[in-house]
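Take a look at the letters that make up each chain.
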Amino acid sequence: MTTSQPRLEIERLTLGYGDREVVHDLDLVIAPGDVTAIVGPNACGKSTLLRSMTRLLPPRTGRVLLDGKEVHATPAKQLARRMGLLPQSPIAPEGITVGELVGRGRHPHQRVLARWSQADDRAVTAALRATDTLELMDRAVDELSGGQRQRVWIAMALAQETEVLLLDEPTTFLDISHQVEVLDLLTDLNRTSGTTIVMVLHDLNLAARYADHLVALHDGRLHSAGRPHEVLVPELVRDVFGMPSAVIEDPVSGKPLMLPIGRHHVLTRDG
Amino acid sequence: MSVLPRTVADDVAADSPDLLRVVSARRARHRRRRQLVGALAALVLAAYLGSLMLGSTTYGLVDVARVVVGDDAGGAEFVVGRLRLPRATLALLVGVAFGLAGVTFQTLLRNPLASPDVIGVTEGASAAAAVAIVSLSLSGLAVSWLAVAAGIGVALTIYLLAYRRGTAAGTRLILIGIGVAAMMQSVIAWQLERATNFQLAEALRWLTGSLNGALWRDVLVVLAAVVVLGGTVLLQTRALAAAQLGDDAASALGVRIERTRLLTIVAAVGLVCLATAASGPIAFLALLSGPIAARVVGPRGSLLVPAALVGALLTLVADLAGQYAFGTRLPVGVVTGILGAPYLLYLIVRVNRVGGTL
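Listed in order, the protein sequences are those of chains B and G.
Start counting the first sequence at 1; every next residue gets the next number (this note's numbering).
Start counting the second sequence at 1; every next residue gets the next number (this note's numbering).
The set of hints was computed from the structure by calculation and includes no laboratory data.
These figures come from a predicted structure and were not determined experimentally.
Among these hints, one or two may not hold up.
[To be verified] Covered by chain B, per the in silico footprint, the following chain G stretches (three or more residues, Cβ under 8 Å): (1) 19-25; (2) 249-257; (3) 297-304.
Each residue gets a CB set at the ideal place from its N, CA and C atoms; glycine is no exception.
Construct the complete structure from the given sequences, taking the supplied hints into account.
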């Protein structure tokens, strides 16, 4: 339940693995209660940034703050009650049922030897309902279709009952209809319970349609951040993806729609 | 498109039919698990009592009970009290230790082949025990400590050899472990070559594992290991369940994954080594217990306790069968070896094909 709006701030953050620096000196404020999409080409540091926003990757320099408190200094379980993360490819143990997997989302709310509580059951019920997976409760996760499975993983993250939910490419490997279904589901979640959502998305146009704010990364640096119509412009596509493009108004959503311009199949205006 | 219901749990009424469904499904799952684990525990108890009662002379339950509580039971005192009681108790505890340690490794490394007896930890402890007894003429606790030190050394060596780019990948670790296991086997063979006739009977157990001549001293060491180290692993049950979902997902759920990994691996290595120091490396026990437990209880919660029970059951039954079922007396490790080798082959074939988990 959202009582106050969580403030998630990133200050002069530098991240890396081994001797490779992936994110350089990044400043960012995540708008509370909104949907933010992080976009950029492969290996631009999107996922790395997301991982460091939970405790997964300690910063080289700089800090990540949740309500002014440093995330990496917050006890793991305490942080996990406020901020959840759905990684790109979580592993479902063989044969596990949907009900049990979603129940694992309750981990940060449970003490070592405590019994299953009514709050746990309610959170699981709410998560199954919200993701429309109640009917799948007794099915094995490995029997489900890709779209169903992704809804189940989101249900697990919802059962965690956090104010902030981070998702790393929640739509990869899904058919377009399931991509839209997942993004609609996240929008419902944001609108009905005010959950702050930060997701890494591959598809610029879906990101522009579904996010309130876009954050564009390029080579581990912040290129631009703001409302979709401010960020998704031909200059961004040229700088970040190295490709000419046109941006028009999406007739369905009224949001910006990027049309790539390649070497072929382009109508020439002047002849 | 219809608007989905609010997701906050407060909106789920206490008498909501959805909630009742979720609760009853969970209760059914837990009930079924309790029944299956209870059945396993009953089988372990039956096998334990059977080990005390059956043999070349069979004693009734009353005689056995009298020996256990210390009453004078005539002829049963020696056979049951001195021979069968420490042997069966050691079988039970060693089985728990191997079963628990095996399933911990398999769960944490997400691979049924990553059992301590496949990747060389057991063999390392065994080789150290053989060296301690044959070459250094040590006995008792000194052997146990050396076995533990060697087991931890081997585990660390395998981990470091398999470590690349920040992670020790599963398959790499297993292949390196199999190589290390082979090296340790040759150390054991070398020690057997050097053993005097007098030491040979004692040293032979380091090859396959045996419960012959079980001593109360060994029982106490393994009991302490099961209580302290087994308890340590069991306290991590929920963290291990989260760890199964992958490191990132587990961390996001508030599990301190490095700490969980270190605690449980060190405890599991300790369990394996102390058990090995008492009984030798009972073949395939650690490898078999987890997958059998998974078949029995299915995907209904943690496999730690079920695997410990399966380990105890296998050891008790295999030891009893080894003593009386084949014309000659076979050590327990030979019997589990006959059971385990085909399963290992099956696993290698299957994992190669589908890359399965436990």
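*Taking a Cβ-Cβ distance under 8 Å as contact, does the segment 19-25 of chain G have three or more residues in contact with chain B?*
It holds, with 5 qualifying residues against the three required.
*Count residues of the segment 297-304 of chain G with a Cβ under 8 Å from any Cβ of chain B, then say if the count reaches three.*
holds (count 4)
*Count the residues of the segment 249-257 of chain G with a beta-carbon closer than 8 Å to any beta-carbon of chain B: does the count reach three?*
Per the Cβ count (7), the hint holds.
Going down the numbered hints, you'll see the structure goes against none, and every one checks out.
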